[in-house]
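Here is what each chain is made of, one letter per residue.
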Amino acid sequence: MTMMQKILGATAAMALSAGAALAEPALIFDLGGKFDKSFNEAAFNGAQRWAEETGGTFREIELQSEAQREQALRRFAEAGANPVITTGFAFADPVSVVAPDYPDTKFVNIDGWMPEVPANVQLIGFQEHQGSYLVGMMAGMASKSGTVGFIGGMDIPLIRHFGCGYAQGVKAVNPDATVIANMTGTTPSAWNDPVKGSELTKAQISQGADVVYAAAGGTGVGVLQTAADEDILSIGVDSNQNYLHSGKVLTSMLKRVDVAVYDSMKAGEAMETGGFTTLGLAEDGVGYALDEHNAPLVSDEMKAAVDEAREKIISGDLEVVAYYANDSCPVLDF
Amino acid sequence: MNFLALFDLTVLDTTLRLAVPLLLACLAGLFSERAGIFDIGLEGKMLAAAFFSAAIAAVSGNVWLGLLAGIGASLVLSAVHGLASITFRGNQLISGVAINFLAAGMTVLIAQDWFSQGGRTPSLTDGGRFGPITLPFADAFSAVPVVGPIYAELISGHSILVYVALLCVPGTWYILFRTRFGLRLRAVGENPAAVDTAGVSVVGLRFVAVGICGILCGIAGAYLATGLQAGFVKDMTAGRGFIALAALIFAKWRPWHALWATLLFGYLQAIALRPDIIEGALGFKVQVQLLDALPYILTVVILAGFVGKAIPPRAGGEPYVKER
Numbered sequence: 444m445t446m447m448q449k450i451l452g453a454t455a456a457m458a459l460s461a462g463a464a465l466a467e468p469a470l471i472f473d474l475g476g477k478f479d480k481s482f483n484e485a486a487f488n489g490a491q492r493w494a495e496e497t498g499g500t501f502r503e504i505e506l507q508s509e510a511q512r513e514q515a516l517r518r519f520a521e522a523g524a525n526p527v528i529t530t531g532f533a534f535a536d537p538v539s540v541v542a543p544d545y546p547d548t549k550f551v552n553i554d555g556w557m558p559e560v561p562a563n564v565q566l567i568g569f570q571e572h573q574g575s576y577l578v579g580m581m582a583g584m585a586s587k588s589g590t591v592g593f594i595g596g597m598d599i600p601l602i603r604h605f606g607c608g609y610a611q612g613v614k615a616v617n618p619d620a621t622v623i624a625n626m627t628g629t630t631p632s633a634w635n636d637p638v639k640g641s642e643l644t645k646a647q648i649s650q651g652a653d654v655v656y657a658a659a660g661g662t663g664v665g666v667l668q669t670a671a672d673e674d675i676l677s678i679g680v681d682s683n684q685n686y687l688h689s690g691k692v693l694t695s696m697l698k699r700v701d702v703a704v705y706d707s708m709k710a711g712e713a714m715e716t717g718g719f720t721t722l723g724l725a726e727d728g729v730g731y732a733l734d735e736h737n738a739p740l741v742s743d744e745m746k747a748a749v750d751e752a753r754e755k756i757i758s759g760d761l762e763v764v765a766y767y768a769n770d771s772c773p774v775l776d777f
Numbered sequence: 163m164n165f166l167a168l169f170d171l172t173v174l175d176t177t178l179r180l181a182v183p184l185l186l187a188c189l190a191g192l193f194s195e196r197a198g199i200f201d202i203g204l205e206g207k208m209l210a211a212a213f214f215s216a217a218i219a220a221v222s223g224n225v226w227l228g229l230l231a232g233i234g235a236s237l238v239l240s241a242v243h244g245l246a247s248i249t250f251r252g253n254q255l256i257s258g259v260a261i262n263f264l265a266a267g268m269t270v271l272i273a274q275d276w277f278s279q280g281g282r283t284p285s286l287t288d289g290g291r292f293g294p295i296t297l298p299f300a301d302a303f304s305a306v307p308v309v310g311p312i313y314a315e316l317i318s319g320h321s322i323l324v325y326v327a328l329l330c331v332p333g334t335w336y337i338l339f340r341t342r343f344g345l346r347l348r349a350v351g352e353n354p355a356a357v358d359t360a361g362v363s364v365v366g367l368r369f370v371a372v373g374i375c376g377i378l379c380g381i382a383g384a385y386l387a388t389g390l391q392a393g394f395v396k397d398m399t400a401g402r403g404f405i406a407l408a409a410l411i412f413a414k415w416r417p418w419h420a421l422w423a424t425l426l427f428g429y430l431q432a433i434a435l436r437p438d439i440i441e442g443a444l445g446f447k448v449q450v451q452l453l454d455a456l457p458y459i460l461t462v463v464i465l466a467g468f469v470g471k472a473i474p475p476r477a478g479g480e481p482y483v484k485e486r
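So the protein lines, in turn, are chains S and C.
Residue numbering for the first sequence follows my numbering, starting at 444 and increasing by one per position.
Residue numbering for the second sequence follows my numbering, starting at 163 and increasing by one per position.
One or more hints might be untrue.
Claimed, not checked - Using 27 Å as the maximum straight-line C-alpha spacing, the simulated DSS-like pairs for lysine-lysine come out as follows:
{"hint": "1", "chain 1": "C", "residue 1": "LYS447", "chain 2": "S", "residue 2": "LYS614"}
{"hint": "2", "chain 1": "S", "residue 1": "LYS587", "chain 2": "S", "residue 2": "LYS645"}
{"hint": "3", "chain 1": "S", "residue 1": "LYS746", "chain 2": "S", "residue 2": "LYS614"}
{"hint": "4", "chain 1": "S", "residue 1": "LYS645", "chain 2": "C", "residue 2": "LYS447"}
{"hint": "5", "chain 1": "S", "residue 1": "LYS587", "chain 2": "S", "residue 2": "LYS709"}
{"hint": "6", "chain 1": "S", "residue 1": "LYS709", "chain 2": "S", "residue 2": "LYS645"}
In case anyone wonders, no lab produced these hints; they're calculated from the structure.
Whenever a hint applies, use it, and build me the whole structure from the sequences.
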């Protein structure tokens, strides 16, 4: 092949990819990183599933610092990506700033909240308290000491929301149970401090906890590890983390970020925007994980009780109080 | 009120575990800064050591090989810092910042390339971790009132690196204040020209100091990844290198003071994990955030000169120029 042919070939390939790029969706991961085994990884899995099923491609970027948020959004919007999907509550502000400048681009934010949603933005939220309620019930039933723990990452309302649903679930099966709640910190480094997660777990064990629920991103790795080392049960979060310590992880609270991303990419440019979508138990947006790694730990009685509660929550007979309702939790004091 | 409850054995146990990485990093900084080389790259060196110790321990199944790899990685970064700030007389702070960024990025990149687990290493199994060591007679002593439980639970049952770190304190004191090498090392941080006049190599001494700093940071990182945890996680040092620097100022660049300072900082971190104990002992709630901030507040107080004066080594931060 001559040089000329090579150059022509390359130009043609570039032209083709530029054509395809017109409708390419983009995905921006939050600071936790694409492979956090949890929230962002779930988003990546959803995008990956879409790419495999449709043969399409998507653009992606992992943020390294707070300052990159707006820059990344504008870059993708300018490059013609559509829709631009962002993960994490911290994206709500930059999206609300950037979106009006690109009226033809659709923006999606998972977990965020804005007072007024621009016409080309769709917010997707999850009823984490419902899923946490279910795993809380399982924790309450699995606990022999009557004390269970909750370890959150960064102390933000969203994580309190997790903890509040969990505590309600625990109290539902065992009204006398004690729920110990700790937060890892108040800065983003709280998402990646497994050493502190370990020590929090040990501290909770010394207070009698024998099941701990970690809603803490990378910090949760330390929590699950220490729980396995000290021979107590743990509960994973967001993605299915049961396999990390087979037989030691009671279950995982699933938050189907992958479904949200998959659906958004599938809808593509035609997706509906300008409002909120809330995915709860009824939409299979949240739930609990059951697989071969935790099957021996989950008794039939436990499963029956949890499934019954699930039905009741879906039908509206049982209401799990959201932390957001009045910024406080009826059964847990943070 | 029951102040004794604040010194619950489990809290003190946690204190020791959390203080050890700070102590090792603090002593590392002490060697470097006493020789006149400021080092804000402690964090990056610990992080690199944490990754390489966990990675090699995971691949080989031998934690000692992991420790060596961690120390090696930290030494390489030390050499870069030395080259930039001693040989080429660059700005020591900028070199340190660069090392922190380099370590934060490279560890995740290499981890992803080697293990494809999203910037982590696989979970280490038994041979790949430093297990707890039960000191002799711990079981027999535990029945003795007061002293028994302290020996059995607080002093015994840590990984070997904890004891290594504690032995480093008298070791550092002896090297710095009782040997000829230590005298020269301190002199090179105060007045390098005098050392040079005496016919001792300033560059050589500073490189040795930076090397010792690398070894200690390596042990600290290996302890985080293979002693406290069972693997490497992105950014797992979580600012401990910077807290160690604060402890170094708090300790006024002295080894024994460094031990007390890091134990104090470790204790503040440990007690912050147990709001129930604080409330039980004091009768009121203390915000966890306040406890988290206390190490920094204390350091600012010390720096402001309220409690004695913290005077850094005089030649610190300045590259030595032999002739103009």
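Distance restraint between LYS587/S and LYS709/S, which requires alpha-carbon spacing of 27 Å or less: Given that 27 Å is the threshold and the Cα spacing comes to 46 Å, the pair is violated.
Given pair status - LYS645/S, LYS709/S, alpha carbons within 27 Å: 44 Å, violated
Restraint check for LYS746/S with LYS614/S, where alpha carbons must lie at most 27 Å apart: 17 Å, holds
Pair hint outcome, LYS587/S versus LYS645/S [Cα-Cα no greater than 27 Å]: Roughly 17 Å between the alpha carbons, so the hint for LYS587/S and LYS645/S holds.
Hint consistency between LYS645/S and LYS447/C [alpha-carbon to alpha-carbon, up to 27 Å]: Within the cut-off at roughly 21 Å; holds.
Pairwise hint evaluation, LYS614/S against LYS447/C, where the allowed Cα distance is 27 Å at most: This hinted pair holds, its Cα atoms lying about 24 Å apart.
The structure fails hints 5 and 6 (numbered hints given earlier, in ascending order).
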